[in-house]
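Input sequences plus hints: build the corresponding full structure.
Residue numbers (our numbering), protein chains in the order written: chain V, 156 to 545; chain L, 92 to 250.
Check before you lean on any hint, since a few could be wrong.
To be verified - For lysine to aspartate or glutamate, the following DMTMM-like pairs were computed, each having C-alpha atoms within a straight-line distance of at most 25 Å:
{"hint": "1", "chain 1": "L", "residue 1": "K101", "chain 2": "V", "residue 2": "E194"}
{"hint": "2", "chain 1": "L", "residue 1": "K231", "chain 2": "V", "residue 2": "D160"}
{"hint": "3", "chain 1": "V", "residue 1": "K185", "chain 2": "L", "residue 2": "D239"}
{"hint": "4", "chain 1": "V", "residue 1": "K185", "chain 2": "L", "residue 2": "E242"}
{"hint": "5", "chain 1": "V", "residue 1": "K529", "chain 2": "L", "residue 2": "E179"}
{"hint": "6", "chain 1": "L", "residue 1": "K101", "chain 2": "L", "residue 2": "E131"}
{"hint": "7", "chain 1": "V", "residue 1": "K185", "chain 2": "L", "residue 2": "E241"}
{"hint": "8", "chain 1": "L", "residue 1": "K229", "chain 2": "V", "residue 2": "E205"}
{"hint": "9", "chain 1": "V", "residue 1": "K529", "chain 2": "L", "residue 2": "E131"}
{"hint": "10", "chain 1": "L", "residue 1": "K136", "chain 2": "L", "residue 2": "E179"}
{"hint": "11", "chain 1": "V", "residue 1": "K415", "chain 2": "V", "residue 2": "E194"}
{"hint": "12", "chain 1": "L", "residue 1": "K101", "chain 2": "V", "residue 2": "E440"}
{"hint": "13", "chain 1": "V", "residue 1": "K482", "chain 2": "V", "residue 2": "D511"}
{"hint": "14", "chain 1": "V", "residue 1": "K529", "chain 2": "L", "residue 2": "E243"}
{"hint": "15", "chain 1": "V", "residue 1": "K363", "chain 2": "V", "residue 2": "D271"}
{"hint": "16", "chain 1": "L", "residue 1": "K231", "chain 2": "V", "residue 2": "D442"}
{"hint": "17", "chain 1": "V", "residue 1": "K441", "chain 2": "L", "residue 2": "E94"}
These are computed hints drawn from the structure, not numbers from a lab.
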Amino acid sequence: MSWADRISPTVKSIPPSGIRRFFDIAAEMKGVISLGVGEPDFVTPWHIRESCIYGLNRGQTSYTSNAGLLELREEIAKSLYNDYQVTYAPRGELLVTVGVSEGLDLAMRALLSPGDEVLIPEPCYVSYKSCVILAGGVAVTVPTSMKNEFRITAQELEQFVTPRTKILLIGYPNNPTGAVMSRQNLTEIAEFATKHDLIVISDEIYAKLTYDGTHTCFSSLPDMMGRTIVLNGFSKAYAMTGWRIGYAAANPDFIAAMTKIHQYTMLSAPIMGQVAAIEALKRGEKDVEQMTAEYNQRRRLILNGFRQMGLDCFEPKGAFYLFPSIKQTGLTSLQFAEQLLQAEKVALVPGDAFGDSGEGFVRCSYATSTANIKEALIRIERFVKSIKNR
Amino acid sequence: MQELLDLLEKDFTQSPEELSIMLNMPVAEITALIAKFESEQIIVKYQTIIDWEKAGVDKVTAVIEVKVTPEREVGFDAIAERIYRYPEVRSVYLMSGSYDLSVAVEGTNLREVADFVSTKLSTIHGVVSTTTNFMLKKYKYAGVIINDQEEEHRLVVSP
Numbered sequence: 156m157s158w159a160d161r162i163s164p165t166v167k168s169i170p171p172s173g174i175r176r177f178f179d180i181a182a183e184m185k186g187v188i189s190l191g192v193g194e195p196d197f198v199t200p201w202h203i204r205e206s207c208i209y210g211l212n213r214g215q216t217s218y219t220s221n222a223g224l225l226e227l228r229e230e231i232a233k234s235l236y237n238d239y240q241v242t243y244a245p246r247g248e249l250l251v252t253v254g255v256s257e258g259l260d261l262a263m264r265a266l267l268s269p270g271d272e273v274l275i276p277e278p279c280y281v282s283y284k285s286c287v288i289l290a291g292g293v294a295v296t297v298p299t300s301m302k303n304e305f306r307i308t309a310q311e312l313e314q315f316v317t318p319r320t321k322i323l324l325i326g327y328p329n330n331p332t333g334a335v336m337s338r339q340n341l342t343e344i345a346e347f348a349t350k351h352d353l354i355v356i357s358d359e360i361y362a363k364l365t366y367d368g369t370h371t372c373f374s375s376l377p378d379m380m381g382r383t384i385v386l387n388g389f390s391k392a393y394a395m396t397g398w399r400i401g402y403a404a405a406n407p408d409f410i411a412a413m414t415k416i417h418q419y420t421m422l423s424a425p426i427m428g429q430v431a432a433i434e435a436l437k438r439g440e441k442d443v444e445q446m447t448a449e450y451n452q453r454r455r456l457i458l459n460g461f462r463q464m465g466l467d468c469f470e471p472k473g474a475f476y477l478f479p480s481i482k483q484t485g486l487t488s489l490q491f492a493e494q495l496l497q498a499e500k501v502a503l504v505p506g507d508a509f510g511d512s513g514e515g516f517v518r519c520s521y522a523t524s525t526a527n528i529k530e531a532l533i534r535i536e537r538f539v540k541s542i543k544n545r
Numbered sequence: 092m093q094e095l096l097d098l099l100e101k102d103f104t105q106s107p108e109e110l111s112i113m114l115n116m117p118v119a120e121i122t123a124l125i126a127k128f129e130s131e132q133i134i135v136k137y138q139t140i141i142d143w144e145k146a147g148v149d150k151v152t153a154v155i156e157v158k159v160t161p162e163r164e165v166g167f168d169a170i171a172e173r174i175y176r177y178p179e180v181r182s183v184y185l186m187s188g189s190y191d192l193s194v195a196v197e198g199t200n201l202r203e204v205a206d207f208v209s210t211k212l213s214t215i216h217g218v219v220s221t222t223t224n225f226m227l228k229k230y231k232y233a234g235v236i237i238n239d240q241e242e243e244h245r246l247v248v249s250p
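This is how it looks when you write it as structure tokens:
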């Protein structure tokens, strides 16, 4: 009997991330331009970094309360109210987590019994399905399509709902597609959730990176406050990925259950990150505006570039990803990504890494300089032409 | 309009075609706006930031605190003009506080700058006193960090 046989069958059943496999190839090469990065190219604004340094100088190196620093929870409550007019009590309805990733894991473990089903529109962030499976649930993916700009509809969800369905997990603005849902779109989903008495987990980490209209927080919809767990954090809007600070906002029962797991497994999110997050909320709004404006310029640049190549591409209105179709090249997503990397040294992520309905697409991150985007577009165009001439 | 100016201030080498895409505006409108900015002197000049030290060219800069006696009717402007007309003078600001004009003077060596201050600047009618501060190192100029050590730390591919 080998050590590998001792691994839990649940863990064995989960495939390693499709991104990881591609990363190993790309990381070996020199001179690669990467459109494969799922995090901002900006470094955390200096005043936020400096506030952490100041905290360290004053000896802020301890645990915090399980729920997180009260001052941070108060600032989060204020910003949620200012942005979306939703009211959460800093004591009892907010939990500071180690990124949205931990929040998602906590929510799943707190809510799922073995066999409970979770509806997940696809393509989706790579960890959604695994989190559900690790918590003993069943991930039921619901494909979305470019035809509908990768939005999910109640009609599509209806086809997959069963008596065992307990949770609907959505993430808009979406990674990898850049899709957003309008208030009208979400209202339809809210009615569906009420009809089937589902809990909605809404991952809104890209909320502030919305380029057309404003983001709607799911719990701000009528009667959704109780049944929604809002997950958000600082990674994308404030360029704070490595700090690992996120939060969950929900009714006191859900937060208490999630806090129970959090206190035994994580104890608290790192205080250094929490201190920095307070500064981000207090004085970071201008940074967010500047970064968002720059992403928006790059978004237009990269969208225009792909359309000029003749590749089908819908206009993404959120996050920092473009999700063009590469079907007309006759290659699979993985073939396209691998051959492009070998031929032109441009890294992007094959769409099937985000679920089966991502096949035929590639994810291009525009969280990189305009110079990089311009050079990458030249190389990709050359590659696409070379395929057509084969 | 401000977004266009922001982009140009950061990098004026971007073509009107690129700017048109990034700002979602017709090329003709961009070209017309730039022409307007130029003619109205909103865009004063296009310049490049050069690290002369790295280029191996010796330059010495001094920031001089100048106290002056303002003149009736023209205030500080007349005397400021007499100073900024000198090509050695790189910048002139009217300041609040303990002195009036902040004057940056550039030369190829210390002697040249000192000579300019003693023979030209301090002898101008109306200049009461000067305090010369030599610049030792340039860290940041016009919003640009001269020798930025911050590196790219991100993974090549991440979810």
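Hint-by-hint comparison with the structure:
no. : hint              : in the structure
1   : L/K101 <-> V/E194 : holds, 23 Å
2   : L/K231 <-> V/D160 : violated, 59 Å
3   : V/K185 <-> L/D239 : holds, 22 Å
4   : V/K185 <-> L/E242 : holds, 16 Å
5   : V/K529 <-> L/E179 : violated, 40 Å
6   : L/K101 <-> L/E131 : holds, 20 Å
7   : V/K185 <-> L/E241 : holds, 20 Å
8   : L/K229 <-> V/E205 : holds, 22 Å
9   : V/K529 <-> L/E131 : violated, 32 Å
10  : L/K136 <-> L/E179 : holds, 18 Å
11  : V/K415 <-> V/E194 : violated, 30 Å
12  : L/K101 <-> V/E440 : holds, 21 Å
13  : V/K482 <-> V/D511 : holds, 14 Å
14  : V/K529 <-> L/E243 : holds, 19 Å
15  : V/K363 <-> V/D271 : violated, 32 Å
16  : L/K231 <-> V/D442 : holds, 20 Å
17  : V/K441 <-> L/E94  : holds, 14 Å
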